[in-house]
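*Asks:* Each chain, written out:
There are 2 protein chains.
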Amino acid sequence: MSDDARLQIIPLGGLGEIGKNMMAIKYQETIIVIDAGLMFPEDELLGIDVVIPDISYLVENQDKVKAILLTHGHEDHVGALPYVLREINPPVYGSKLTMGIVEGKVKEHNLDNLQLNTVRPRDKVTIGPFEVEFIRVSHSIPDCMGLAIHTPLGIIFHTGDFKLDQTPIDGQVIDFRKMAELGEKGVLVMLSDSTNADRPGFTMSERVVGHTFDEVFGQCEGRIIVTTFASNIHRIQQVIHTAEKYGRKVAVIGRSMINNVKISMQLGYLDMPEGILIEMEEIGNYSADKIVIVTTGSQGEPMSALTRMATADHRWVGIEPDDTVIISATPIPGNEKLVSRTVDLLFKQGAEVIYDRSAGVHVSGHASQEELKIVLNLIKPKYFIPVHGEYRHLIKHAQLAESLGIPHSRIFVAENGQIIEIGKKKASITGKVTAGKVLVDGLGVGDVGNIVLRDRKQLSQDGIMIVVVTINKENGEVMAGPDIVTRGFVYVRESEELIENAKSKVKEALDVCYRKNITEWAVIKSQVRDKLGKHLYEKTGRRPMILPIIMEV
Amino acid sequence: MSDDARLQIIPLGGLGEIGKNMMAIKYQETIIVIDAGLMFPEDELLGIDVVIPDISYLVENQDKVKAILLTHGHEDHVGALPYVLREINPPVYGSKLTMGIVEGKVKEHNLDNLQLNTVRPRDKVTIGPFEVEFIRVSHSIPDCMGLAIHTPLGIIFHTGDFKLDQTPIDGQVIDFRKMAELGEKGVLVMLSDSTNADRPGFTMSERVVGHTFDEVFGQCEGRIIVTTFASNIHRIQQVIHTAEKYGRKVAVIGRSMINNVKISMQLGYLDMPEGILIEMEEIGNYSADKIVIVTTGSQGEPMSALTRMATADHRWVGIEPDDTVIISATPIPGNEKLVSRTVDLLFKQGAEVIYDRSAGVHVSGHASQEELKIVLNLIKPKYFIPVHGEYRHLIKHAQLAESLGIPHSRIFVAENGQIIEIGKKKASITGKVTAGKVLVDGLGVGDVGNIVLRDRKQLSQDGIMIVVVTINKENGEVMAGPDIVTRGFVYVRESEELIENAKSKVKEALDVCYRKNITEWAVIKSQVRDKLGKHLYEKTGRRPMILPIIMEV
Chain A
1 MSDDARLQII PLGGLGEIGK NMMAIKYQET IIVIDAGLMF PEDELLGIDV VIPDISYLVE
61 NQDKVKAILL THGHEDHVGA LPYVLREINP PVYGSKLTMG IVEGKVKEHN LDNLQLNTVR
121 PRDKVTIGPF EVEFIRVSHS IPDCMGLAIH TPLGIIFHTG DFKLDQTPID GQVIDFRKMA
181 ELGEKGVLVM LSDSTNADRP GFTMSERVVG HTFDEVFGQC EGRIIVTTFA SNIHRIQQVI
241 HTAEKYGRKV AVIGRSMINN VKISMQLGYL DMPEGILIEM EEIGNYSADK IVIVTTGSQG
301 EPMSALTRMA TADHRWVGIE PDDTVIISAT PIPGNEKLVS RTVDLLFKQG AEVIYDRSAG
361 VHVSGHASQE ELKIVLNLIK PKYFIPVHGE YRHLIKHAQL AESLGIPHSR IFVAENGQII
421 EIGKKKASIT GKVTAGKVLV DGLGVGDVGN IVLRDRKQLS QDGIMIVVVT INKENGEVMA
481 GPDIVTRGFV YVRESEELIE NAKSKVKEAL DVCYRKNITE WAVIKSQVRD KLGKHLYEKT
541 GRRPMILPII MEV
Chain B
1 MSDDARLQII PLGGLGEIGK NMMAIKYQET IIVIDAGLMF PEDELLGIDV VIPDISYLVE
61 NQDKVKAILL THGHEDHVGA LPYVLREINP PVYGSKLTMG IVEGKVKEHN LDNLQLNTVR
121 PRDKVTIGPF EVEFIRVSHS IPDCMGLAIH TPLGIIFHTG DFKLDQTPID GQVIDFRKMA
181 ELGEKGVLVM LSDSTNADRP GFTMSERVVG HTFDEVFGQC EGRIIVTTFA SNIHRIQQVI
241 HTAEKYGRKV AVIGRSMINN VKISMQLGYL DMPEGILIEM EEIGNYSADK IVIVTTGSQG
301 EPMSALTRMA TADHRWVGIE PDDTVIISAT PIPGNEKLVS RTVDLLFKQG AEVIYDRSAG
361 VHVSGHASQE ELKIVLNLIK PKYFIPVHGE YRHLIKHAQL AESLGIPHSR IFVAENGQII
421 EIGKKKASIT GKVTAGKVLV DGLGVGDVGN IVLRDRKQLS QDGIMIVVVT INKENGEVMA
481 GPDIVTRGFV YVRESEELIE NAKSKVKEAL DVCYRKNITE WAVIKSQVRD KLGKHLYEKT
541 GRRPMILPII MEV
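So the protein lines, in turn, are chains A and B. Residue numbering for the first sequence follows UniProt numbering, beginning at 1 and increasing consecutively. Residue numbering for the second sequence follows UniProt numbering, beginning at 1 and increasing consecutively.
Bear in mind the hints are in silico, worked out from the structure with no lab data behind them. Hints are supplied without guarantee of correctness; some may be wrong.
Since the list gives no way to pick one copy over another, a pair counts as held whenever it fits inside one copy or between any two copies.
[Claimed, not checked] Here are the simulated lysine to aspartate or glutamate pairs, EDC-like style, with alpha carbons at most 16 angstroms apart:
{"no.": "1", "residue 1": "Lys539", "residue 2": "Asp447"}
{"no.": "2", "residue 1": "Lys348", "residue 2": "Glu17"}
{"no.": "3", "residue 1": "Lys105", "residue 2": "Asp214"}
{"no.": "4", "residue 1": "Lys245", "residue 2": "Glu279"}
{"no.": "5", "residue 1": "Lys348", "residue 2": "Glu415"}
{"no.": "6", "residue 1": "Lys337", "residue 2": "Asp43"}
{"no.": "7", "residue 1": "Lys525", "residue 2": "Glu552"}
{"no.": "8", "residue 1": "Lys457", "residue 2": "Asp43"}
{"no.": "9", "residue 1": "Lys473", "residue 2": "Asp170"}
All chains, full assembly: derive it from the sequences and hints.
*Replies:* Here it is as structure tokens:
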């Protein structure tokens, strides 16, 4: 078989990490891309706003890129799209809600001349040698789809993010029949969501949360405040239905929550009974037992509506002693402390808070092990590539697949950038393209690198000491200074002696250089840095960044 | 009753937080202090090493402070002791293991002339008007004690940290009989551990982990690496016993683990079968199925032994593909990401990793709700003060107590510094003493305050831009500069244009000042800061700290 007749699967993000999901699939002269997600930065990426995939590979091959296919509207699947569309501009395909969310995004980024296409489950789109079939799956946002990509070598099945919810809120059960049909035909390679691959058992149905809401709403006599992910429209729907049952009005608070509710209502994804929705300014017109507030802040985000309510910092709504707050979400790893703090603040304001993992107020949107096994058995692919997960999730998913009889040699636990090449007879990892993290900080995309981050890290730990001295350029004599300015090191007014001693150390270092006739700035600076650094460490146990600046007149 | 005949209970740490536990108890002219713990800093305390309680109140009343009583040897109960003993020097009382740990600490801090006293369970010590009785409790370090403090007004019972382990590893069951006796006599006020007050049910016995070890050890054919808290001697004991059963040698790696094992062996808290312990250099002398490694790093700490093994950065031990690593701990809130990363790295090195909360490889050291209820019913105190926990834990514990019939008015959910005053007839919060966080950064205790932290925060987000200009002091003319140096902002070599434009902006601002004859430095600097800041935000979307420095010649 010639090289040309091979299929290449190239993950550009989402493998070995939670977030920035992106996958390229290439056959001959055509590349299609699945998802374009972003990731929120880990703690050590100081000052970074978001992280997006490195798409050098797509930019280099932009004439070949014929489509971007979106599985659903979560940030980790569509959040990088505006950045990608600045560089390349192929047609984009997604479900109605997904494209509704995308339209909001591209508007914010002032992008135009875009080719945005809405597709429905079971729709088929032909893109070069590929025929792409969209398949309904259930997840924690409506209108999610997996993909069956029919290629000359066989079918690629990509689950997207999914769970097997048998009683979804919108009644749209995952398209098992289509999946069975694909399995029956024979699937060449499956890519499947690994987020919960280390969780035994089944993920509960979204409907379980509705039962808990019903119980809680039935008992509460004060206001009820529910916070969840702004994109979890099913959850919001359940709040609304329960509010209706108990004769409560619903106020929506928080920018992203308001936006999502608006889009979902416009596109028909939220069933909103007439007159139930009120503005937050109207809350005061009703008694406490007639009010439900739906709000952002489920992750304890410092600027979110709930956090501001908890700190009595919100313009319209404060927490009252008879309020019941339901945290209908679990903390995303890394946010545990923020969420705990919010819970504490709410308790301090006198509210009752229902927040526990065991309280039945949240379920995951991702399939657990038993569900993953069902899909693996239903599809029974020739090759299997676990996707969407940190390394341990991919490994656990691979182990599950192996336990169901897929041979080890046909399972690829891959890394971002690796080329998984599939031919008629065999598949293997044959190379690597550029892949990685591009850091977005303010308006800058990719202009913050390791040196900048290392400096931020050092600055954040012990601050900076700046030493300025003006020198006569003729003879190297000190004309002014040394002056010392510090930030983030010690509070100067209380450390005058330390600063004076530091100046003496600098003078000594300069004197030595002057006497030895050392004139190279680099040498002088390094003398100052060494002498001063040692002194400061002895006196304070800290290592601030030391920045000598020499001015010549 | 005169004011003098009142008892004051003053929490100085550990209420509304996990860590830095410290409690003062005052009657007339005598103060006794329970514990002197530290806390590890939250993320936003950039660069801070540890946090200790503010002990101004004790220093002001140091002639009255007659004893420090230690419940057990964990850092959050004894870690601040060296700092406290620098300021005040009363006698210290604790169990044999606790005092062994304390002795190591005071040696590191070069403290002498200390009065360190070892006591045993059921020992009684008279301190002024108080008779203190030490009572055995079970927890996740051996030799823990609660306290019954007999006062002229009645008994104060302090649980320390505890759980009701009915099958503890050392056979030393919590002293229920003594607690029953106290309850029968009548307890005036109880202070009880709230760490797990939001967990339903019972905390499992430490012995459960031993059963899991037995199962895992029985199946493994490669090396076994167990990581846990270095102070969890019972856990280490179980590893050793299981290793013995399966004919494996044990190597201990990691400084704090080695220290704790050494102290515990010296003091008789570890039963170490002859010849089972080997040095890490000897590991290579045995086949993989004959080795167990016990190591630090259960929290994913970047410099710990396990992390260094996982990154192939450890001098003696690397991870091998047949290794089984048992993470016998749960992440302390805030450490989840670090632990996950370590697990991923271990999987990448080819090891099998047992890490899950559900895997039976860890149990908590703190009592859950059913245990707390048993103790509440056994003691049935007149007044109840939940201690050791964040606000939500204290509230949940208070709710438990109320559900058992202790009247709401007799339960005090207090804050650090509040004075809970107990008289013959009533108790109430009557005032507040100084209490709070003292930040330790390097050698500095308390010299890093809000301004320094705010600066570190800003520096960590967008870095710093330093603008230096040398001016003729006669006429304000610019003699040299402006020069611009940045750190943590953008990588300068790739941003020459940005820097050049920034210089122009500074020149413009200086020119304006010069022309307007503005000579006050503060005004000139603020002009530079405003003009440059606005420009940089427009161009980059970032707000670096801008630091103008003017030199005069």
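*Asks:* Each of the hints needs a verdict: does it hold here or not?
*Replies:* Quick rundown of the hints versus the structure:
1. Lys539 <-> Asp447: The answer is between: 13 angstroms across copies meets 16 angstroms, while 37 angstroms in one copy does not.
2. Lys348 <-> Glu17: between (36 angstroms within a copy, 13 angstroms between copies)
3. Lys105 <-> Asp214: For Lys105 and Asp214, the Cα distance exceeds 16 angstroms both inside one copy (35 angstroms) and across copies (55 angstroms).
4. Lys245 <-> Glu279: So Lys245 and Glu279 fail the 16 angstroms test inside a copy (20 angstroms) and across (68 angstroms) alike.
5. Lys348 <-> Glu415: Between copies, since 11 angstroms is at most 16 angstroms while 46 angstroms is not.
6. Lys337 <-> Asp43: both (13 angstroms within a copy, 9 angstroms between copies)
7. Lys525 <-> Glu552: within (14 angstroms within a copy, 21 angstroms between copies)
8. Lys457 <-> Asp43: Classified as both; 10 angstroms inside a copy, 13 angstroms across copies.
9. Lys473 <-> Asp170: Intra 77 angstroms, inter 76 angstroms, cutoff 16 angstroms: neither.
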